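All chains, full assembly: derive it from the sequences and hints.
The lines below spell out each chain.
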Amino acid sequence: MSETTIQLEVFRYRPDNGGPTFQSYEVPYHDDWVVLDALNYVKNYIDGSLSFRWSCRMGVCGSCGMQVNGEPSLTCAEFLRDHMPGPIRVEPLVNFPVERDLVVDINGFMEKLDHVKPYLVREDESDDLSAEYMQTPTQLDRYKQFSMCINCMLCYAACPVIGRVDDFIGPAALALAQRYNLDSRDQGKQMRQDVIFQNEGIWECTFVGECSEVCPKHVDPAGAIQQAKLEGAFDYYKRLLTPWARRS
Amino acid sequence: MNRPLDRRLGWTWWTRNGSYFRIFLREATSAFILAEVVLFMLLIHKAGQDAETYLAYRDFLWHPLMVVLHLVALAFALWHTVSFFLIAPNALPNQVAGRRIPAAFIIGQQFAGLAAVTLLLFLWVAWVGAT
Ligand code: SF4
Ligand code: FES
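Residue numbers (my numbering), protein chains in the order written: chain X, 1 to 248; chain Z, 1 to 131.
A few of these clues could be false.
To give a feel for the contact side, a few chain Z residues facing chain X, derived at Cβ under 7 Å [claimed, not checked]:
no., residue
1, Leu5
2, Asp6
3, Arg8
4, Leu9
5, Gly10
6, Trp13
7, Asn90
8, Ala91
9, Pro93
10, Gln95
11, Val96
The set of hints was computed from the structure by calculation and includes no laboratory data. Just so we're clear, the structure is a prediction, and the values are computed from it rather than from any experiment. Ideal Cβ placement from N, Cα and C applies to all residues, glycine included.
Printed below as a string of structure tokens:
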């Protein structure tokens, strides 16, 4: 009996080799194979020139995100069996500049992450590394969902605003800002507000909601952004109505 | 070296798939709401003029094509309202005073509020009509 196979149509782009094209590869089909396994098969046995990123193969590192049949997906979690009989179209994440084949340039994303200071900021920062900041389970529960992000950038590929507004800080970074703002141990909210309330921050979001649909970790970045908007509007009116309480 | 390839979705993003198109339509509903608001404000304006002008405008609003517009606007407004209610729990903090609020409760409250306001308006209109 001949082996079952499935066809991959893979996006190829080699900067010194003309424009982008699609290349087809016939790979063996296995029930328990994910798209990443098929790509690795191509790389190992058919065409060693194919470039793509991956690392953990278990949905943790966030480096294997690509468009699978047009949907932003983690290729290590996307089973071939869900796309039978094929073909399966594999492209680099949209909205990012493509460096080569399936590899995108993530520098812009990294800078945006950096802007929101995604770490605990303490006013009383001490050098005492044994300092402990206690937190109750209820306090943890306020932000836990937003802390599950693996920086896979699928939400950036799903977001139509990112596709039009270059500087939009975007779903994952804004969700991370909210994650730290909600953390009882953090004191950096004021610093982050300057970034998330600017034009390219939360107000750029029109609540399309696709980011939350594609997020493999159920972070719900769209929800985080709307919560930040609500809080921002509330603070604005509070300051307007109680000018004497204005912070210096 | 060649520049990296630009693959942003751009202005035609809403043609890319069904769910984008639905979002686009959802946002477009505001155009119909705006049209209805303008028609309503004109109605108030005409009501302040003589009876003839007012009645002519009222007949215009009852024109079959206008009725179609009203129905489309109503359908869009209801759709927008329902989809807004359904996503509202995501836009609210998950706790109030340290207690989790179930999403179903938030959604239910909004529908209950809408029903109450609608009922009150109907009663008021009926009362005004009867007196
Ligand atoms: S929010 Fe979700 S989709 Fe976006 S980067 Fe984080 S894990 Fe990925
Ligand atoms: S390879 Fe790490 S998330 Fe897929």
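Task: Hints the structure fails to honour - done: 11
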